[in-house]
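Build the full structure now, drawing on both the sequences and the hints.
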Amino acid sequence: MMLILQVFIMTLVGTVLSCVLACLPGLHVYNLMGLIVMFIYWLAARGIELSPESYLPFMVGMVVGWSILNTIPSILLGAPDESAIFTVLPGQKYLMFGRGYEGTMITGVGSLAGVFLLVFIIGPLAPKYLPVIKKILSPYMAFIIWVIITYILMSEWPKGGNTGPAGWAKFRDAWKSLGAGLFTFFLSGIMGFILMYRSPVSTEVAFQNIMPAFVGLFAVPWCLLNIISGADVPKQYISKSMEIDGAVVLRSTAAGGLGGGFAAFFPVITGGIGGLLAGHATAQRDERVFIMSQGVSKVMYYTGAFLFFFVPGLGLTRGGGAWIIKGLYTPRSFYEYYMMLGAVAIAGAVSFLMMSPLTRWVIKLMERYNYRYVSIGALAIIVVLVFLVVGGVGLFIMIVGAGIGLIPVLFASRRLNCLGILLLPIACNMSGFGHIIAGWLGLL
Amino acid sequence: MKGISHFISGVAAASFFPFAVHEAANGNPLYFVLGGAFGILPDTLDFKFYRFFYKHDIYIEPDPLRPDPQKIADQLAEAVAKAAEQDEMVKVKLSTIRLGADYWQQYVVRFDPDTQEVLVRFGPVVNTGQVPVPNSEQEENNVGRAKLAMPIVQTYDATTRVDIFDGPTFGFEKDEQGEIVLHFLPWHREWSHSFTMGALCAVLGGLIWGWGALFVIMAGYSVHVIEDQLGFMGSNLFFPFTKKRSQGVHIMRSGDALPNFTTVWVSCLLIFWNLYRFTPDLPYSFSFFHVALYGAIIPMGLYAIALHILSRRDDEEEVEIDMADEWGDSKMS
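So the protein lines, in turn, are chains A and B.
Be aware that the first sequence starts at 0, since it is given in numbering that gives the first Met the number 0, and climbs by one per residue.
Be aware that the second sequence starts at 0, since it is given in numbering that gives the first Met the number 0, and climbs by one per residue.
These are calculated hints, taken from the structure and not from any lab test.
Among the hints, erroneous ones may be present.
[Stated by the list, open to error] DSSO-like cross-link-like pairs, simulated, lysine-lysine; straight-line CA separation at most 30 Å:
#, chain 1, residue 1, chain 2, residue 2
1, A, K363, A, K127
2, A, K169, B, K70
3, B, K146, B, K81
4, B, K54, B, K242
5, A, K169, B, K54
6, B, K54, A, K175
7, A, K169, B, K242
8, B, K47, A, K169
9, B, K47, A, K175
10, B, K81, B, K173
11, B, K242, B, K47
12, A, K325, B, K243
13, B, K146, A, K127
[Stated by the list, open to error] Partner residues aside, some chain A positions facing chain B, computed with beta carbon under 8 Å:
#, residue
14, Y54
15, P138
16, G160
17, I425
18, M429
Glycine included, C-beta positions come from ideal geometry on N, C-alpha and C.
This is how it looks when you write it as structure tokens:
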């Protein structure tokens, strides 16, 4: 009984902490988890051993809480992490119509549906089927990543060239955004090679290597855009109904579950790619279904990847959270797995309950201060966090990342092209010629 | 179908070749990438290249400061009258009406064969996500109507919605019966969506990447052409030997959620099955029936039942052609 209480309390503490911290733009849960693991090692060196029943539910609470609540800075402050990149555009449209609260809560409902899918459907089936799927697909991971890269690069739609007579001028206008997208992908890919082969980040914080780049690529450009455009955010209404029904939730869960689940299972495939696949594969026309499916996808990606680490007989380490915990703990039995499933259920419920008050709080903050100042504040928090976690060199990486991340913003191309930073070097390495490219770039 | 459906179908087609699977296991993704790339290529050729060079006879570009539905209707009627006087097709380009950085005036064009009229109705102002701006629909002077010089024959849906990014093209062509046949997007699914073009690509690919690529490219390209026959537009199957687009079998629209999702899901299952059967020394043994049962029939059946129970049975409205459906990803930028 005491053990159950301990698990419950630690889940609760982790969830509440991460829910509050998720409202801070730019702060990623993996940064916090890395610091917590360092703290656990520090305690162990002083003879204080924490039991897995203490820190595992705490970690689960953090992952679940953050994956649900990070919708708030994405939609209301326009400062997304990579996995939430597709919620920003429709989310900001909700915001500009005074429906930011509604947009956030719809995504939250999606997240809760994602928790339900994980706990009650995927969770019980995973130990039986996922090891078989993994065994069959393991030799083919490289081609899967290359196929996804090909799709990302080929599936972008020209946004210009809509008026005027036929000819090269029209073609050039159309290809501005497509060219910028391709340029962004390869530029961020080169940045990924540099960070992988010659990272300027010191070895003490090597696990935070990619964090400043991601913040620069995805969060900073949005903040800058909000500051420069100085958009006036209209009064936000706290709606009592979200105009969603069971069918909308079901369609969103199927779409987001597919995309997020795919991202959670395959290496390097991130939540953003999962969101892209979810949106495309299910041909969503309904804005509510789209935005809700992104909530499902985010939870499936972060929580699913973390949970798969504990699936007995699977031996799968996906996502930063699982890699961080791997050095600390090796899962052994169904006992831990079901403990984690229970913790996910508790954390999901608590996070959803915290969504409404925290959203209202951020909206009040936005009403009190000019949106431009709120964006400046968000950017300041991001800069301070990067400096605290990685140091001055982190700021340099962030600025370079922001330069690349601004290209798709300025040319209206797809921001997901920034994921070249991960996809390109890792796909090259998996196919066995990453070192050759690194040699060409003078990195060896 | 949408891009992802064609793409994943091409990848699935590649997975049927044992050499492609064998190479993929050794870290060489070439054949699967070719399958996907050539699976999506016919639309890439049309939407990213050809349409920008396609010359139209009439460009209808409404003034965003004074958009007038009657003027659009009149210009369409003039185009039909012009087609009645000549033997060649009259190609008309309808432009979108951009009102601001993120705002577009939506309008719907409808050719009515019964009354022999064209109707243009202005809808709400929408943003790039196609979400209407509240209270933006004008209540007066929002409909334009013009009489057509000859009876018109529809080969596609009756109404076309024009809102974001690029507008549609109509081709008006007089037939032997003295009627005007309306072709929707005459530049689309022509030469690019033919088996002959697929064969040409396959031969070129074969010369570059070897004989294996030839088969994979032909398979990926052909799957796209075949899938497009399920819709309303068909394609010109054996260009240049055939001159006109075939009639599709009319069982789906390109943007429909269910057929697209089903195609993606079935393709994934086929890829999984082929990887399984071409991988040696696996400790598991199961049949395709098991894959279909556990991977498709049970989950999709349960999903269909749940969706049926949860859906409110609204009366179905007439579906308009949405220009952003086939390829667009307005929410994804």
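For a quick check of understanding: which of the numbered hints are violated here, in increasing order? 1, 12, 13, 14 and 17
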